[in-house]
Amino acid sequence: MLNVGKIEEGYVLDHIKAGKSLTIYHLLHLDKTDAQVAIIKNAKSNKMGKKDILKVECPVGSINLDVLAFLDRKITVNVIQDGEIMHKEDLILPREVKNVIKCKNPRCITSIEQGLPHIFVLSDEKKGVYRCKYCEGKYNEY
Amino acid sequence: MRHLINPLDFTVEELDALFDLASDIEKNPAHYAHKCEGKKLATCFYEPSTRTRLSFETAMLNLGGSVIGFSDAASSSASKGESVADTIRVISCFADICAMRHPKEGAATVASTHSSIPVINAGDGGHQHPTQTLTDMLTIRALKGRLSDYTIGLCGDLKFGRTVHSLINALSRYDNVRFVFISPEELRIPDYLIDMLKERGIPYEEVIRLEDTIGKLDLLYMTRVQRERFFNEEDYIRLKDFYILDQAKLELAKKDMLVLHPLPRVNEISVEVDDDPRAVYFKQVQYGVYVRMALILTLLGITD
Chain A
8 MLNVGKIEEG YVLDHIKAGK SLTIYHLLHL DKTDAQVAII KNAKSNKMGK
58 KDILKVECPV GSINLDVLAF LDRKITVNVI QDGEIMHKED LILPREVKNV
108 IKCKNPRCIT SIEQGLPHIF VLSDEKKGVY RCKYCEGKYN EY
Chain B
37 MRHLINPLDF TVEELDALFD LASDIEKNPA HYAHKCEGKK LATCFYEPST
87 RTRLSFETAM LNLGGSVIGF SDAASSSASK GESVADTIRV ISCFADICAM
137 RHPKEGAATV ASTHSSIPVI NAGDGGHQHP TQTLTDMLTI RALKGRLSDY
187 TIGLCGDLKF GRTVHSLINA LSRYDNVRFV FISPEELRIP DYLIDMLKER
237 GIPYEEVIRL EDTIGKLDLL YMTRVQRERF FNEEDYIRLK DFYILDQAKL
287 ELAKKDMLVL HPLPRVNEIS VEVDDDPRAV YFKQVQYGVY VRMALILTLL
337 GITD
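Protein chains in written order, with the working numbering: chain A, 8 to 149; chain B, 37 to 340.
If you are wondering where the hints come from, they were derived from the structure by calculation, not from laboratory data. Since this is a predicted model, take the numbers as computed values, not measurements. There's no promise every hint is true.
To be verified - Only pairs whose alpha carbons sit at most 20 Å apart, straight line, appear in this in silico SDA-like list of lysine to any residue: (1) Lys111(A) to Met232(B); (2) Lys145(A) to Lys116(B); (3) Lys133(A) to Gly237(B); (4) Lys145(A) to Phe278(B); (5) Lys145(A) to Lys234(B); (6) Lys145(A) to Ser306(B); (7) Lys134(A) to Lys290(B); (8) Lys133(A) to Gly144(A); (9) Lys116(B) to Ser118(A); (10) Lys134(A) to Met232(B); (11) Lys24(A) to Ser118(A); (12) Lys134(A) to Leu90(B); (13) Lys134(A) to Pro226(B); (14) Lys145(A) to Leu44(B); (15) Lys134(A) to Ile230(B); (16) Lys134(A) to Glu235(B); (17) Lys195(B) to Arg114(A); (18) Lys111(A) to Leu44(B); (19) Lys111(A) to Phe267(B); (20) Lys75(B) to Leu90(B); (21) Lys290(B) to Ser306(B); (22) Lys109(A) to Glu120(A); (23) Lys145(A) to Leu223(B); (24) Lys116(B) to Ile119(A); (25) Lys133(A) to Asp231(B); (26) Lys134(A) to Asp89(A).
Stated by the list, open to error - Some residues of chain A that are not near chain B, with every Cβ distance over 10 Å (derived): (27) Gly26; (28) Asn85; (29) Gly90; (30) Lys95; (31) Leu100; (32) Glu103; (33) Gln121; (34) Leu123.
Unchecked claim - Distance ranges between label pairs, derived from CB positions: (35) Pro113(A) to Lys290(B): 40 to 46 Å; (36) Glu270(B) to Asn147(A): 35 to 41 Å; (37) Asp52(B) to Asn53(A): 38 to 44 Å; (38) Lys234(B) to Gly122(A): 38 to 44 Å; (39) Asp122(B) to His22(A): 31 to 37 Å; (40) Asn53(A) to Arg182(B): 46 to 52 Å.
All C-beta atoms, glycine included, are put in the ideal place defined by N, C-alpha and C.
Isolated chain A, as found in the complex:
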């Protein structure tokens, strides 16, 4: 098992679907920060077989994690302070997700209109279903 050192303050994002850590890295805009980030791919998992993990050394509260609930509610967010897990953060589905993912419907106006923000709106909270604000196409997978 690969060992990555503890972090003092920040987040450990666990139970990420194997192979999706880099997508999340970009969607959280971690590529645009100075934060130290460890990306662990295909770690062994009793629950999932294999999984990805992201460790992010940063001030707590400095990253907007709303998008995680939208992408995958099964991701566990451990909040770390003084090298210890302070608590596991509950992921709350955002009402609206703007410019995170693009609508894939080729018939949608977003496919041709310049400068239009890609907006997905929560249409079914129980099932976590998001639909494109314009064509109402269902968002399926990240």
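Since the structure of chain A is already known, use the hints to place chain B on it.
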């Protein structure tokens, strides 16, 4: 600023008021003949639709207003690459209200967010066509006397048929409406609509043969299998003649069942059916003008 993008933008009470107004227009057209004098309707049609565009234009002319616009994208600035957002900003300077048809889904939503005049969605690709829904509802209300308590069969292309999707959403808000979906496997109603009906406990069934179910229907809504909704010509040719309503099938129906169709019809209803009193699809066109007149007055805030 009120717009009409989706049939559900209006509450049931607002729709009742709209239909009451449309019925009054039908009875007293002269009373409304000058209500929109000095007002202009812009019909921005990025794809051809003679019927809907002429219905809107007739509605505005019947109200004493005037009409400007374009009838295909090639004759608009869209051919030069202008965005919908920019076009509606420009149109807002010319007209008092706009009816927009666009081949892309959600185009009217984009227009409404950048517009300073009311926008009516006159069809956005395979997504919504709310004024057709209002037309269908007014027809049912006028000829059946109610929008609740019946079994409605929807037949043909239930997958791509936007008029069908809008109508199901709109009618599902009324009491004791039962749906029968009649389509081939490839053109079944989308799952999200089935989920919505299940969640609300609204009874529905899915069948393949029209003959097996026509006898229990109070309303039959026929649709055309539309070539423009298919990416694959082979699929279109295979499915286009799947359902044809003829006099023999109509013999199996109730004597007071109504046959509706959003038109244009190709061959899914035989012409022999046209003279049957149950065939009301041409009356529907007239109701479409009344409901668009009522809508223009409502969105412009013109009251007695």
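Hint by hint, here is what the structure shows:
1. Among the hinted pairs, Lys111(A) with Met232(B) is inconsistent with the structure: their alpha-carbon atoms are about 23 Å apart, more than 20 Å.
2. About 31 Å separates the Cα atoms of Lys145(A) and Lys116(B), which puts this hinted pair outside 20 Å; it is violated.
3. Of the pairs offered as hints, the one joining Lys133(A) and Gly237(B) holds, with about 17 Å between alpha carbons and a cut-off of 20 Å not exceeded.
4. Of the supplied pair hints, the one linking Lys145(A) and Phe278(B) is violated, its CA atoms being roughly 29 Å apart against a limit of 20 Å.
5. Note on Lys145(A) and Lys234(B): the hinted pairing holds, with a Cα-Cα distance of about 18 Å set against a maximum of 20 Å.
6. For the suggested pair Lys145(A) and Ser306(B), the alpha carbons sit about 37 Å apart, so the restraint of at most 20 Å is broken.
7. For the hint linking Lys134(A) to Lys290(B), the alpha-carbon distance of about 41 Å lies beyond 20 Å, and the restraint is violated.
8. Distance hint between Lys133(A) and Gly144(A) is fulfilled; the C-alpha atoms sit about 18 Å from each other, no more than 20 Å.
9. As the CA atoms of Lys116(B) and Ser118(A) are separated by approximately 17 Å, the hinted pair is consistent with the 20 Å bound.
10. Proposed proximity of Lys134(A) and Met232(B) is supported: the alpha carbons are some 13 Å apart, at most 20 Å.
11. For the hint linking Lys24(A) to Ser118(A), the alpha-carbon distance of about 28 Å lies beyond 20 Å, and the restraint is violated.
12. Note on Lys134(A) and Leu90(B): the hinted pairing is violated, with a Cα-Cα distance of about 43 Å set against a maximum of 20 Å.
13. This hinted pair checks out: Lys134(A) and Pro226(B) have alpha carbons roughly 17 Å apart, not beyond 20 Å.
14. Straight-line distance between C-alpha atoms of Lys145(A) and Leu44(B) comes to about 18 Å, which keeps the hinted pair within the 20 Å bound.
15. Our distance criterion of 20 Å between C-alpha atoms is met by Lys134(A) and Ile230(B), whose separation comes to about 15 Å.
16. Between the alpha carbons of Lys134(A) and Glu235(B) the distance comes to roughly 12 Å, so the proposed pair stays at or under 20 Å and holds.
17. Between Lys195(B) and Arg114(A) the CA atoms are separated by roughly 15 Å; this keeps the pair inside 20 Å, and the hint holds.
18. The suggested pairing of Lys111(A) with Leu44(B) is violated, with an alpha-carbon distance near 25 Å, which exceeds 20 Å.
19. A C-alpha spacing of about 16 Å is found between Lys111(A) and Phe267(B), which places the hinted pair at or below 20 Å, so the restraint holds.
20. Among the hinted pairs, Lys75(B) with Leu90(B) is consistent with the structure: their alpha-carbon atoms are about 17 Å apart, no more than 20 Å.
21. Of the pairs offered as hints, the one joining Lys290(B) and Ser306(B) holds, with about 18 Å between alpha carbons and a cut-off of 20 Å not exceeded.
22. At most 20 Å may separate the alpha-carbon atoms for a hinted pair to count; Lys109(A) and Glu120(A) meet this at roughly 13 Å.
23. A C-alpha spacing of about 18 Å is found between Lys145(A) and Leu223(B), which places the hinted pair at or below 20 Å, so the restraint holds.
24. In summary, the hint linking Lys116(B) to Ile119(A) is supported, as the alpha carbons are separated by about 13 Å, within the 20 Å threshold.
25. For the given pair, Lys133(A) sits about 13 Å from Asp231(B) by alpha-carbon distance, which is consistent with the 20 Å threshold.
26. Only pairs whose Cα atoms come within 20 Å are accepted, and Lys134(A) paired with Asp89(A) is rejected, the gap being roughly 36 Å.
27. For Gly26(A), the requirement that its beta carbon stay farther than 10 Å from each beta carbon of chain B is met, with the minimum near 27 Å.
28. Remark: the non-interface label on Asn85(A) is consistent with the geometry, its nearest Cβ contact in chain B lying 34 Å away (cut-off 10 Å).
29. Every CB of chain B is more than 10 Å from the CB of Gly90(A) (nearest about 46 Å), matching its label as outside the interface.
30. Chain B leaves Lys95(A) outside its interface by the beta-carbon criterion, the shortest separation being 31 Å against a cut-off of 10 Å.
31. Distance check for Leu100(A) against chain B: the nearest CB is about 18 Å away, which clears 10 Å, and the non-interface claim stands.
32. For Glu103(A), the requirement that its beta carbon stay farther than 10 Å from each beta carbon of chain B is met, with the minimum near 14 Å.
33. Against the 10 Å criterion, Gln121(A) falls within the reach of chain B, whose nearest CB is about 5 Å from its own CB.
34. At roughly 6 Å from the closest C-beta of chain B, the C-beta of Leu123(A) falls inside 10 Å, breaking its exclusion from the interface.
35. Separated by about 42 Å at the C-beta atoms, Pro113(A) and Lys290(B) satisfy the suggested range of 40 to 46 Å.
36. At roughly 26 Å, the beta-carbon separation of Glu270(B) and Asn147(A) lies outside the given 35 to 41 Å, and the hint is violated.
37. A C-beta distance of roughly 59 Å is found between Asp52(B) and Asn53(A), which places it outside the suggested range of 38 to 44 Å.
38. At roughly 39 Å, the beta-carbon separation of Lys234(B) and Gly122(A) lies within the given 38 to 44 Å, and the hint holds.
39. Checked against the hint of 31 to 37 Å, the C-beta distance between Asp122(B) and His22(A) comes to roughly 45 Å, which is inconsistent with it.
40. As the Cβ distance of Asn53(A) to Arg182(B) is approximately 60 Å, the hint placing it in 46 to 52 Å is violated.
Hints 1, 2, 4, 6, 7, 11, 12, 18, 26, 33, 34, 36, 37, 39 and 40 from the earlier list are contradicted by this structure; the remaining hints agree with it.
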